Amino acid sequence: RKALRIHAYGNDVPPLAQSAHQLSEAHGLRPYLYQNMMTAGYHELTRVQMQAVPALLAGRELLACAPTGSGKTAAFVVPMLQRLGSSARRRGGGGGAPRGPRAVLVAPTQELARQTHREVLKLAAGGKVSVALLTRKMVTAALAEARGGGGGGGGGAPSLVKYDVVVSTPLRLVGLVDRGLLPLQEVRLLVLDEADKLLELGFLEQVDTLLAACSHAEVSRALFSATMLPAIESLADTVLRQPVRVVVGEKNAAAETVEQSLVFVGREDGKMLALRQMIRQGIQPPVLIFVQSPEISRCSSLCSPRRRQKKRGGGGSSQLPPPRPSARALAAAQERAVQLFHELVLDGLRARGMDFKGVKLVVNFDFPQTTVSYIHRIGRTGRAGMRGKAVTFFTEQEARPSLRSIANVMKASGCGVPDWMLRLQPMRKQKRKAIAVKPRSRK
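Numbered according to UniProt numbering, the sequence shown spans residues 1 to 443.
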């Protein structure tokens, strides 16, 4: 563990499994699951998988902290499928009516829930395990069943209780639980994915409801998070029974595969100048740009200069000189980079949980409000062992309240930061909570 920088805490922590073969030898993986792992490329396990999978297979409760893009989803899907067994076992082998799901996976956003659902389907292929992603259409159908006398009253909606695994966001799931349409007393595994985001978005009340609803004596709870903030550790202390705590690398740090840098731009209008300078120097697509405001007009404003350039026939950034014949290939590459660059301008809300493949560069056009937001943003690159870069712009206005916390994350990740940033006054707790909910104004 020391060589791999895997820190595990708790009583009788299960030994590591470094490969799918070793995992199968130790725990007797079901043939379909082992084959699906091989097909999906899980020959060698990631660091969080090495410790989290054996812990969950042993029935232990778990708090796992690992950078985004480190394979956390498979770290709970694999043991979940192994523990579920066949549908016949789920129904007691006698064909009795199902009484609700045996595993519930909770994600903070619908986008992340969809990705988790796809991962479950991929690893569950051939295993006769029924999986549902709770959608608005499914909820509407369940409510219609209840109105027609076909659900509620504690027995649940027939269209929902038939599934072995349910993947959902907290609000949608709690709405069904409160109406008696989806009983959770048969749940053996409850996973809260991106638990830091769940708390940051204000879902603590819904999380408490789900924890209480999963009342089976043999239920295991698992929290997966990219950061280990005090709120997460407090939740774990409150709800988990003698958990195994796993930290990959350093707590509250980004992946080591992400090269991070800060760029001072003076004032707000300096951000666009810095952006154009980056394009002129050359960028490697695909690129993700994060803005803080949820207004789509702010995202569109970054794209509009390029639209005007195309109408004028410029064929790229106005800062790029007309390509000479000898530079034609370079100009074409620059144009493709600019296209991809503008197609992936997002605000923080829309990008939560989205998994863009192969992102080479993340640009924080607007400074992140919290360390959680920063870690999740730059975690869109440097995934699955690939290298990536993250550049964060900051102004004089932004440097005062938030810069120190981001600099600490960079230092914990092994990046060099100036000492003066680490000596800045920390933001007051009340102010930190306020800007996490309401973005600061920008001039």
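Derived by calculation from the structure, the hints in this document are not laboratory data.
Don't take each hint at face value.
[To be verified] Here are the simulated lysine-lysine pairs, DSS-like style, with alpha carbons at most 27 Å apart: (1) K389 <-> K357; (2) K162 <-> K128; (3) K137 <-> K162; (4) K411 <-> K2; (5) K389 <-> K411; (6) K137 <-> K251; (7) K2 <-> K251; (8) K360 <-> K122; (9) K360 <-> K389; (10) K122 <-> K137; (11) K411 <-> K360.
[To be verified] Each pair of labels, with its calculated beta carbon distance range: (12) R241 <-> K162: 28 to 38 Å; (13) K137 <-> L422: 46 to 56 Å; (14) G202 <-> T135: 31 to 41 Å.
Model, not experiment: these values are computed from the prediction.
Every residue gets a Cβ at the ideal spot worked out from N, C-alpha and C, and that includes glycine.
Going through the hints against the structure:
With a C-alpha separation of about 14 Å, the suggested pairing of K389 with K357 holds against the 27 Å cut-off. With a C-alpha separation of about 13 Å, the suggested pairing of K162 with K128 holds against the 27 Å cut-off. Distance hint between K137 and K162 is fulfilled; the C-alpha atoms sit about 16 Å from each other, no more than 27 Å. The straight-line distance between the Cα atoms of K411 and K2 is roughly 20 Å, inside the 27 Å bound, and the hint therefore holds.
Using a Cα cut-off of 27 Å, the hinted pair K389 and K411 holds, with the two alpha carbons roughly 15 Å apart. Of the supplied pair hints, the one linking K137 and K251 is violated, its CA atoms being roughly 39 Å apart against a limit of 27 Å. In summary, the hint linking K2 to K251 is supported, as the alpha carbons are separated by about 15 Å, within the 27 Å threshold. Of the supplied pair hints, the one linking K360 and K122 holds, its CA atoms being roughly 26 Å apart against a limit of 27 Å.
The hinted pair formed by K360 and K389 meets the criterion: a straight-line CA distance of about 6 Å does not exceed 27 Å. Between K122 and K137 the alpha-carbon distance is near 23 Å, which keeps this suggested pair within the 27 Å criterion. For the hint pairing K411 with K360, the CA-to-CA distance comes to about 21 Å; that is within 27 Å, so the pair holds. Checked against the hint of 28 to 38 Å, the pair R241 and K162 passes, with Cβ atoms roughly 30 Å apart.
For K137 and L422, the hinted distance range of 46 to 56 Å is satisfied, since their beta carbons lie about 50 Å from each other. One distance hint, 31 to 41 Å for the beta-carbon pair G202 and T135, is violated here, with the actual separation near 22 Å.
Hint check: violations occur at hints 6, 14; the rest are consistent with the structure.
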